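K.L.:
For reference, the chains in residue letters:
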Amino acid sequence: DTGVSQDPRHKITKRGQNVTFRCDPISEHNRLYWYRQTLGQGPEFLTYFQNEAQLEKSRLLSDRFSAERPKGSFSTLEIQRTEQGDSAMYLCASSSPESSYEQYFGPGTRLTVT
Amino acid sequence: EDQVTQSPEALRLQEGESSSLNCSYTVSGLRGLFWYRQDPGKGPEFLFTLYSAGEEKEKERLKATLTKKESFLHITAPKPEDSATYLCKRGGSNDYKLSFGAGTTVTVRA
Numbered sequence: 001d002t003g004v005s006q007d008p009r010h011k012i013t014k015r016g017q018n019v020t021f022r023c024d025p026i027s028e029h030n031r032l033y034w035y036r037q038t039l040g041q042g043p044e045f046l047t048y049f050q051n052e053a054q055l056e057k058s059r060l061l062s063d064r065f066s067a068e069r070p071k072g073s074f075s076t077l078e079i080q081r082t083e084q085g086d087s088a089m090y091l092c093a094s095s096s097p098e099s100s101y102e103q104y105f106g107p108g109t110r111l112t113v114t
Numbered sequence: 001e002d003q004v005t006q007s008p009e010a011l012r013l014q015e016g017e018s019s020s021l022n023c024s025y026t027v028s029g030l031r032g033l034f035w036y037r038q039d040p041g042k043g044p045e046f047l048f049t050l051y052s053a054g055e056e057k058e059k060e061r062l063k064a065t066l067t068k069k070e071s072f073l074h075i076t077a078p079k080p081e082d083s084a085t086y087l088c089k090r091g092g093s094n095d096y097k098l099s100f101g102a103g104t105t106v107t108v109r110a
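Top to bottom, those sequences are chains Y and V. Mapping the first sequence onto our numbering, position 84 (from 1) lands on 84, and the numbers just tick up by one. Mapping the second sequence onto our numbering, position 3 (from 1) lands on 3, and the numbers just tick up by one.
Hint data in this document are derived by calculation from the structure and do not stem from the laboratory. All figures in this text were calculated on a predicted structure; none of them were measured in a lab.
When the alpha-carbon atoms are kept at most 25 Å apart in a straight line, the in silico BS3-like pairs for lysine-lysine are as follows: (1) V:K97 / Y:K57; (2) V:K97 / V:K42; (3) Y:K57 / V:K42.
Let the sequences and hints guide you as you build the complete structure.
P.N.:
Right, dumping it as structure tokens:
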């Protein structure tokens, strides 16, 4: 297994456009998380899946954000009507049920909204 | 709100010059303290978990220690490849949603 992968690695979009990011977790990990990181800050929690169920969402996840994990494997994060404030690194992480605290992060998707 | 505070924000070291990073936290149901390393343009990489005061963990040139109110990450005789941002995060109930610190960016010059 090559670890958590994310696609695309970089995305430049114009304000008002919709974007979708994909995350493929480590195959045996049933837990998947999305975080957002801005320059000079640590990652901030956005949402958490256990298998296909979205169990928790941060208040940072406004109505323009939606995340899915339809088959309990890969996940997508969609941002509708992007705003300049959405510019950030979007990180995906996964963990196993045996060591849920030990999260494995992907390389992230860098979003720039112009 | 419980949070972690990291200091210093940045640390510039000469190769071989040992130093320490600090992570202090407010305590409310503390259940573990995590350290991660993050290289530019990459996601964080898990390093250590510490659970109780007095606990120590080591990995190569890094040693993490924990007291009741803070954790230290000691870098012994660092090399340029130790250059990275080091993040800490406290554990607790549903620790996946707890905040990371802002990190300490370490630069080691040859």
